[in-house]
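All chains, please: the whole structure from these sequences, using the hints.
Listed below are the residues making up each chain.
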Amino acid sequence: MISLQPGETVVAEVRRHWYVLFAETLGLFILAFVPILMIAVFDVFGLSTMPNFLPLALFVSGWWFLAIWIIFFIVWTDYYLDVWVITSKRIIDIEQRNLFSRSTSECRIEKIQDISVEVHGLLATFLHFGNVRVQTAGESENFILLNIPDPQAVKDIIFKEQEETAHLSGIPIAHSSGA
Amino acid sequence: MFPFQLNDFLRLITPNALGAVFAALAAIFAFISWMLLYHWSRYGYNPASIGRMRALYFWGAGVCFALMVAGILLFES
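So the sequence lines, in the order shown, correspond to chains A and B.
The opening residue of the first sequence carries number 214 in this note's numbering; numbering runs sequentially from there.
The opening residue of the second sequence carries number 319 in this note's numbering; numbering runs sequentially from there.
In short, the hints are calculated from the structure, not lab data.
We treat Cβ as the ideally placed atom computed from N, Cα and C, and that holds for glycine.
Treat the hints with caution; some may be incorrect.
[As the list claims (entries may be wrong)] Ranges between beta-carbon positions, derived for each pair: (1) Ala348/B with Lys324/A: 42 to 48 Å; (2) Thr332/B with Thr338/A: 44 to 50 Å; (3) Ser318/A with Ala384/B: 16 to 22 Å; (4) Asn334/B with Leu239/A: 23 to 29 Å; (5) Ala253/A with Ala348/B: 29 to 35 Å; (6) Ala341/B with Thr222/A: 47 to 53 Å; (7) Leu328/B with Ser318/A: 54 to 60 Å; (8) Ser318/A with Thr332/B: 51 to 57 Å.
Structure below.
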């Protein structure tokens, strides 16, 4: 969980587009049909009449489906815990690489210099997802929000928060943005 | 040659052997579930959606285990 500073509020939580999860789990969905295919193949070769075929088919199918089910939830966990949190003061990048590898980095809103939006490809254009690149001042690494839904809206949210922060602190902001 | 080898293999399969495999799978499942639940409760951001996914996860796993139990119960030694 994220510990917020005094006066800080969460403005948005951004995850990758659902298409990313769909693409990662499409192979699993196809693999789920393997037991049905195998039963059909056994039937064609006349092996379905051997004793205990049905109990064995049930047992192996159950094992197979369980393995796919667990892998799906591991992939979903990676997807779900990989998140960018935009607060009124910071952008927090939480990257879950796998179950035992996790990194968290953040940049302050007032440190942001440029924000650019990239939408590449047919699917990204029609499904409205893309990348948001956040360039920060100093030597800190830039933030890249990959394959997020509606990147233009996310860019607008960050700009709005930056303007409000600048307004409250009385510091003028000078940045440019690409879309 | 092929049917002989298959029959040899099938002779090794007994309800007890299936039960042992089932127990091993249940142990692996318990360990992975513990890992997933730990991550969901430790790092999850939306308790409502986590609760729904937890219910879905155990429901689906229950169906898979029911298939395996049915296989063991129907097996005739």
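Now for the hints, and whether the structure bears them out:
no.: 1; hint: Ala348/B with Lys324/A: 42 to 48 Å; result: holds (45 Å)
no.: 2; hint: Thr332/B with Thr338/A: 44 to 50 Å; result: violated (58 Å)
no.: 3; hint: Ser318/A with Ala384/B: 16 to 22 Å; result: violated (44 Å)
no.: 4; hint: Asn334/B with Leu239/A: 23 to 29 Å; result: violated (39 Å)
no.: 5; hint: Ala253/A with Ala348/B: 29 to 35 Å; result: holds (33 Å)
no.: 6; hint: Ala341/B with Thr222/A: 47 to 53 Å; result: holds (50 Å)
no.: 7; hint: Leu328/B with Ser318/A: 54 to 60 Å; result: holds (56 Å)
no.: 8; hint: Ser318/A with Thr332/B: 51 to 57 Å; result: holds (55 Å)
Hints 2, 3, 4 from the earlier list are contradicted by this structure; the remaining hints agree with it.
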